[in-house]
Amino acid sequence: MATDPTISLKIRTSLGDYLKQDPATILVTHHLRDDLGLDSMAVIELLYRIEEAFDLQIPDQDLVGLTTVGHVVNYVEKRLGKTAAAAPTKKPATPKKPTSKQKP
Amino acid sequence: MRARVVVTGLGVVSPIGIGISEFWKAALAGQSGISAITSFAPFAMDGYRSKVAGQVRDFSVERFLDSAHGERVDRYAQFALVSTKEALADSGLQMAKEDPHRVGVIVGAGMGGMVMGEREVTQLYEQQKPHRVHPNFIPTITLNSASGIIAMAYGAKGPNLTISTACSSSAHALGQALHCIREGRADVVIVVGADASITPLVFAGFCSLRALSSKFNDQPEKASRPFERSRDGFVMGEGAGTLILESASHAKKRKARIYAEVAGYAATSEAYHMVIPREDGLEVAHTMKLALADAGLTPSQVDYINAHATSTTIGDAVEAKAIRLLFKSRADKIAISATKSLIGHTLGAAGAIGGIASVLALQTGQIHPTANYEDPDPACALAGLSRSAQERRVKVALLNAFGFGSNNAAVVLKQATT
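Chains A and B are the protein sequences, given in the same order. Here the first sequence stands for residues 1 to 104, numbered as in our numbering. Here the second sequence stands for residues 1 to 418, numbered as in our numbering.
It is possible that part of the hints are untrue.
[Claimed, not checked] With the C-beta cut set under 10 Å, the calculated list includes, among others, these residues of chain B facing chain A:
| hint | residue |
| --- | --- |
| 1 | Arg49 |
| 2 | Arg210 |
| 3 | His273 |
| 4 | Met274 |
Hints are computed from structural coordinates only; laboratory data are not their basis. C-beta atoms are modelled at their ideal positions from N, C-alpha and C, and glycine is treated no differently.
Input sequences plus hints: build the corresponding full structure.
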């Protein structure tokens, strides 16, 4: 199932800006942590940009499972009602608990 | 031989009680001080992911202080003045009989005067009238406003310092006071931890960090659940704690009641990440080990740990891992409790209030419950944690505190030997 190219591009552009990397080199199959090197704080910053870009509020509970670029694209599409289908990813999601890693 | 340092007075302002007696009674009963936030009006809480906090209810400084010192300082410094008044009275210290230059004040504060800070910034940007910024704005928001006003209130002319290391601030204040007295630079140090920044901007900032619990907005008293399987972030709290530290010889000379000895301290940096702890727990274990060595004690002598335990997913797991690393098989024999399960995370006040709970455990042999420890997370299960109050002989207590900016503190307290 194809993802919405506009949404995908916007998200990859956000990531590219953050990582100082050409968005074209960022793939939907990329794992945010293992492939792109984002730690939990960086993921939170990315989602902050995405909330702004798409005028969304992403509740903490929805962070579970947003581990690849594709997951994030799917999630945003679903929230915007663009498609109900999940986009294919080569790496299946390993549900994690990316929230509240802080130690204040 | 270096000077021994003892605790001779305690005072507290907390979401479960103002005053040691009220606080300790509520703590032993496992009473929660967490409730829905109602004070952000005109802001609706809809935009906030988390909607609960450990708030000090019905506080007015006039109720507690006769002097005018509380009138021109922010809420956190008012808390600090009130807890200090109690602690000084408790210690029996009479400033008229002291050399004022030998009495210091060391405050730990993470955020400072944010109530006025936010109000003035908002007003300036909305009204664009720079000449209407309050003349007291700068002295109020400056982080040493609490240590300054306490010195003025009591004429304490010794070292006057503020330690700001986020959530470990007042654990470091305890440690720095220990050094100060050991080195002979003061006979008495008033150690305070204080923060009161449950304000619309600061709270929104912690929400944006996704550091706060958001799953239990409808059951506020359930939201702070350190080491428990369903924990999902910390709950912000506010408050202040004061401990009067003095050299053992000074305390004996004035026949003061001695609660406990502050025996050791360690400060380290993980040099790792602004907000994420190292997941292997090595640096936390190292910090606890250094503090015990400073106290001349070994891990086998520790009876109780007042854990940092904020109720975040990773933070609690790392602390539990570090406890296992250092204490090995003894880890399950040590009583452990998380004060934040009752009052939330009081940020800069957390070390002092945890220190008070540790001193009271040493003194009474009672360890307060860890609220909501219903379903132990296997990633951080420790046999010494309990939802109920525990009675144990506590000779040595360890206080942990970790902060943003990759910093760790550990303080060792022990029963005072005469």
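Hint by hint, here is what the structure shows:
no.: 1; hint: Arg49; result: 6 Å, holds
no.: 2; hint: Arg210; result: 5 Å, holds
no.: 3; hint: His273; result: 7 Å, holds
no.: 4; hint: Met274; result: 7 Å, holds
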